[in-house]
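Chain V is already provided as a structure; the job is to place chain X with the ligands on it using the hints.
So the protein sequences, as listed, match chains V and X.
Under the numbering used here, the first residue of the first sequence is numbered 1, with each subsequent residue one higher.
Under the numbering used here, the first residue of the second sequence is numbered 1, with each subsequent residue one higher.
Hints in this document: simulated from the structure, not taken from any laboratory.
Don't take every hint at face value.
[Said to hold, decoys possible] Partner residues are not named here, just some residues of chain V that face chain X (Cβ under 10 Å, in silico):
| id | residue |
| --- | --- |
| 1 | 99 |
| 2 | 147 |
| 3 | 189 |
| 4 | 192 |
| 5 | 193 |
| 6 | 501 |
Where is the CB? At the ideal position from N, CA and C, for every residue including glycine.
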Amino acid sequence: MASIRTISFDGVIVGGGGAGLRAALQLSQSGYETAVISKVFPTRSHTVSAQGGITCAIASMDPEDDWRWHMYDTVKGSDYIGDQDAIEYMCSVGPEAVFELEHMGLPFSRTEQGRIYQRPFGGQSKNFGEGGQAARTCAAADRTGHALLHTLYQGNIKNRTVFLNEWFAVDLVKNQDGAVTGVIAICMETGETVHVKSRATVFATGGAGRIYASTTNAHINTGDGIGMALRADLPVQDIEMWQFHPTGIAGAGVLVTEGCRGEGGYLINRDGERFMERYAPNAKDLAGRDVVARSMVQEILEGRGCGPEADHVYLKLDHLGEEVLQSRLPGICELSKTFAHADPVKEPVPVVPTCHYMMGGIPTNVQGQALTQDSGSEDRVVEGLYACGEVACVSVHGANRLGGNSLLDLVVFGRAVGLHMETALREGIERRESSESDLEFSMTRLNRLNRSQSGDSVAELRKDLQNVMQNHFGVFRNGEFMREGIGKLAELRERIEQVYLPDKSQAYNTARLEALELQNLMGVAEATAITAEQRRESRGAHAREDFQERDDHNWLCHSMYFPAEGRVGKREVNFAPKSVETFQPKMRSY
Amino acid sequence: MLQVSLYRYNPETDSEPFMQDLEVDTGGRDLMVLDVLEMIKASDPSVTFRRSCREGVCGSDGVNMNGKNGLACITPLSETVRNNKLVVRPLPGLPVVRDLVVDLELFYQQYEKIEPYLQNHNPAPAIERLQSPEERAKLDGLYECILCACCSTSCPSFWWNPERFIGPAGLLQSYRFLADSRDTATEERLAKLDDPYSVFRCHGIQNCVSVCPKGLNPTQAIGKVRNLLLQRAT
Ligand SMILES: Cc1cc2nc3c(=O)[nH]c(=O)nc-3n(C[C@H](O)[C@H](O)[C@H](O)COP(=O)(O)OP(=O)(O)OC[C@H]3O[C@@H](n4cnc5c(N)ncnc54)[C@H](O)[C@@H]3O)c2cc1C
Ligand code: SF4
Ligand code: SF4
Ligand code: FES
Numbered sequence: 001m002a003s004i005r006t007i008s009f010d011g012v013i014v015g016g017g018g019a020g021l022r023a024a025l026q027l028s029q030s031g032y033e034t035a036v037i038s039k040v041f042p043t044r045s046h047t048v049s050a051q052g053g054i055t056c057a058i059a060s061m062d063p064e065d066d067w068r069w070h071m072y073d074t075v076k077g078s079d080y081i082g083d084q085d086a087i088e089y090m091c092s093v094g095p096e097a098v099f100e101l102e103h104m105g106l107p108f109s110r111t112e113q114g115r116i117y118q119r120p121f122g123g124q125s126k127n128f129g130e131g132g133q134a135a136r137t138c139a140a141a142d143r144t145g146h147a148l149l150h151t152l153y154q155g156n157i158k159n160r161t162v163f164l165n166e167w168f169a170v171d172l173v174k175n176q177d178g179a180v181t182g183v184i185a186i187c188m189e190t191g192e193t194v195h196v197k198s199r200a201t202v203f204a205t206g207g208a209g210r211i212y213a214s215t216t217n218a219h220i221n222t223g224d225g226i227g228m229a230l231r232a233d234l235p236v237q238d239i240e241m242w243q244f245h246p247t248g249i250a251g252a253g254v255l256v257t258e259g260c261r262g263e264g265g266y267l268i269n270r271d272g273e274r275f276m277e278r279y280a281p282n283a284k285d286l287a288g289r290d291v292v293a294r295s296m297v298q299e300i301l302e303g304r305g306c307g308p309e310a311d312h313v314y315l316k317l318d319h320l321g322e323e324v325l326q327s328r329l330p331g332i333c334e335l336s337k338t339f340a341h342a343d344p345v346k347e348p349v350p351v352v353p354t355c356h357y358m359m360g361g362i363p364t365n366v367q368g369q370a371l372t373q374d375s376g377s378e379d380r381v382v383e384g385l386y387a388c389g390e391v392a393c394v395s396v397h398g399a400n401r402l403g404g405n406s407l408l409d410l411v412v413f414g415r416a417v418g419l420h421m422e423t424a425l426r427e428g429i430e431r432r433e434s435s436e437s438d439l440e441f442s443m444t445r446l447n448r449l450n451r452s453q454s455g456d457s458v459a460e461l462r463k464d465l466q467n468v469m470q471n472h473f474g475v476f477r478n479g480e481f482m483r484e485g486i487g488k489l490a491e492l493r494e495r496i497e498q499v500y501l502p503d504k505s506q507a508y509n510t511a512r513l514e515a516l517e518l519q520n521l522m523g524v525a526e527a528t529a530i531t532a533e534q535r536r537e538s539r540g541a542h543a544r545e546d547f548q549e550r551d552d553h554n555w556l557c558h559s560m561y562f563p564a565e566g567r568v569g570k571r572e573v574n575f576a577p578k579s580v581e582t583f584q585p586k587m588r589s590y
Numbered sequence: 001m002l003q004v005s006l007y008r009y010n011p012e013t014d015s016e017p018f019m020q021d022l023e024v025d026t027g028g029r030d031l032m033v034l035d036v037l038e039m040i041k042a043s044d045p046s047v048t049f050r051r052s053c054r055e056g057v058c059g060s061d062g063v064n065m066n067g068k069n070g071l072a073c074i075t076p077l078s079e080t081v082r083n084n085k086l087v088v089r090p091l092p093g094l095p096v097v098r099d100l101v102v103d104l105e106l107f108y109q110q111y112e113k114i115e116p117y118l119q120n121h122n123p124a125p126a127i128e129r130l131q132s133p134e135e136r137a138k139l140d141g142l143y144e145c146i147l148c149a150c151c152s153t154s155c156p157s158f159w160w161n162p163e164r165f166i167g168p169a170g171l172l173q174s175y176r177f178l179a180d181s182r183d184t185a186t187e188e189r190l191a192k193l194d195d196p197y198s199v200f201r202c203h204g205i206q207n208c209v210s211v212c213p214k215g216l217n218p219t220q221a222i223g224k225v226r227n228l229l230l231q232r233a234t
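Isolated chain V, as found in the complex (with noise of 0.2 Å):
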């Protein structure tokens, strides 16, 4: 086998969304060489498209607002399965990570006093669940994504952050010892394959929505590091777990955004009965998302959807008047008419529950370390590896994220890794070595594709992915129906290892990479499909419609999938947090 070029850092950071920047930023600030590989221009990372805000309890709109709140909605949410001794770490240190990003310029929405401005979202309450609706999302109009990114963006490049734009990362490479040394990655512009070297390794890739036919997500997400993980034997935690959001636009699964319900919109039916005060009657169309979203299917199939085929229901927004929605949700105005060809200051948005967020991934430990368990399942901390975002599993959602967290966790978690990372890299951790035989499987694997001379297309395979999963592993689950799923996922996972690729050609080859995010997709789908099935009982978004009830003598645990076996273990969550009691895990009402 022909050698490749090899590059060295101290820190390689994948993903140049929220979490990769914020990592890359802490690093680079620190002095060691921090190099960020990003498959596309960091600010067209699928951050940018966040809407609602950043939950946080900075104290801005409730003086005596308090983060052990945040943390009991957080924990409540993730249906206790969120480990607390992580949540309270996101909670209590997001103020300062909120006001370190103010700092840097992001231009928050503003309160008269010049304080910056919070919305009501889902699931938050004041004084532990019993001081009513809280308004503790912090937001920059409808688009705090984008101003967020770019403000991390912006930071790098006055840090000097080294940036391989347009550079995609195939594999990671893992010595003899276990021990992470860096990534395989392709440039895109040329189509070299580069041995990236590296003293420690983050991932930070973001999300894998794409495994479902109908998404909110970009069309990046394609689980690229959870694939990555996979391949190289590491374990995924709680995969099962995704959250579908209530309202993505109908027929085009473009989100509109939770913060129209806190702004005060509602859902309604065909008879335009606000049903979700009979599902959740004090918080209504606040409750956690997967309260709202297997209501909202509960109303379609029983009949009382929207249009002509009754498959939607309506997201009423008219009554706010036009003033209210041009400054606090101008975005979504612009959606709605592009998308669904509604104004939502004259007429109803046709919304349904839509693939929007995986709670799952690489497990990790607060500062980041990636974790992997021994044979006598103890933790051990992968060695040269970090995870962030929401690639990561560290635990704060649990089994159901609540809104606005998942931005906290990026910048909270972020920085822990580069803190961490900081520190290891002055304690003076070794380059460790790798060798010719390390990339061999990886390198097979490409040759395989670039010498493919027949077999299905990416386009097709993709396409019968993504309707399993649509249909065997959506809102609601059974046993059966989901063991359907996975034979044909198994069928799929031949076609797809052998996919065809017609174009063999070097430069800026989308083809190329588009068959290998196909095979991560296949990595994730999998994982979620043999988990999803393993646990058998309904909690958070894993809706069973054969075991409805929430089992905590048999799950109240984070599941593990092992790929080498395709194996599901189980993994104890945390109860222990530091600074408070543990919030014992009670029965989950709305």
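Relative to chain V, chain X with the ligands alone:
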């Protein structure tokens, strides 16, 4: 059948770019141009373009459609197709990497030149810096730029001087920081722009305004930067 004419160029196999004529069955639907490109790519995977968010917020798919720059993902056929014909070309004036993908290096360099980050010489408070809603409103119409390059690649002054004229996108961002009540580097920023090219190559032709998919107005922002520079000179 929609008649599509697509700009093709693969540096490894084509000595020159050419236009490829294709027919696409849209089933009579008013698709977005990006949907049409995806349909073409499904049958010919070698067709190359950038795309990510498919909702007009990431700025990946700026292209030239029937002579006008815009984002393929939020341009419905009904808005651009005339006489059943759609001509798609890369953004003009920049080197073509392959098919619809252009090399944006010069565009990004101009953006970096304006130091696109907040500069404040005072120590930061323990909470956020305060800013009134009125002060914040001055950033509306500026901070929303998605760096799609539709404007700069429609600007004749940028075509002629891409190395020296900052261009509408960069200047819009320059003003975004000049207008921010939290930024204290006004004087330094203006000093760096005060030459015959960086700002003053703009001739107010407004091509940039007419193509901006986010409805932003770079010409107006440039006018404000220009006024600040003129005030400074007196
Ligand atoms: C429409 C929408 C609205 C949302 N709104 C909100 C909200 O209001 N509040 C909130 O808290 N959350 C929101 N979310 C969720 C949140 O936006 C995401 O979870 C979050 O942005 C993910 O950030 P990230 O940094 O982990 O990954 P991303 O921003 O997805 O970035 C991933 C990065 O990895 C790179 N990458 C991936 N694979 C590779 C590879 N193989 N090689 C090289 N680079 C690679 C990409 O180029 C990209 O730079 C929303 C999500 C959606 C879909
Ligand atoms: S107004 Fe100025 S910046 Fe805009 S297109 Fe004309 S010359 Fe270019
Ligand atoms: S000003 Fe408008 S056209 Fe120009 S880069 Fe920004 S968003 Fe694109
Ligand atoms: S794909 Fe993001 S702007 Fe069109």
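Subject >> Restraint satisfaction for residue 192 of chain V [CB to CB of chain X, less than 10 Å] >> reply: This hint is violated: residue 192 of chain V lies away from chain X, its Cβ roughly 13 Å from the closest one there, beyond 10 Å.
**OP:** May I ask you to test the interface hint for residue 99 of chain V with respect to chain X, counting a Cβ-Cβ separation under 10 Å as satisfied?
**Re:** OK, holds: residue 99 of chain V within 10 Å of chain X, min 5 Å.
Subject >> Interface hint for residue 193 of chain V, Cβ within 10 Å of any Cβ on chain X >> reply: Check failed: Cβ of residue 193 of chain V comes no nearer than 16 Å to chain X, outside 10 Å.
Subject >> Interface hint for residue 147 of chain V, Cβ within 10 Å of any Cβ on chain X >> reply: holds (6 Å)
Original post:
With 10 Å as the cut and Cβ atoms as the points, is residue 189 of chain V at the interface with chain X?
Top reply: holds (6 Å)
Original post:
Does residue 501 of chain V pass the interface hint, meaning its C-beta sits closer than 10 Å to a C-beta of chain X?
Top reply: holds (8 Å)
In this structure, the earlier hints numbered 4, 5 are contradicted, and the remaining ones agree with it.
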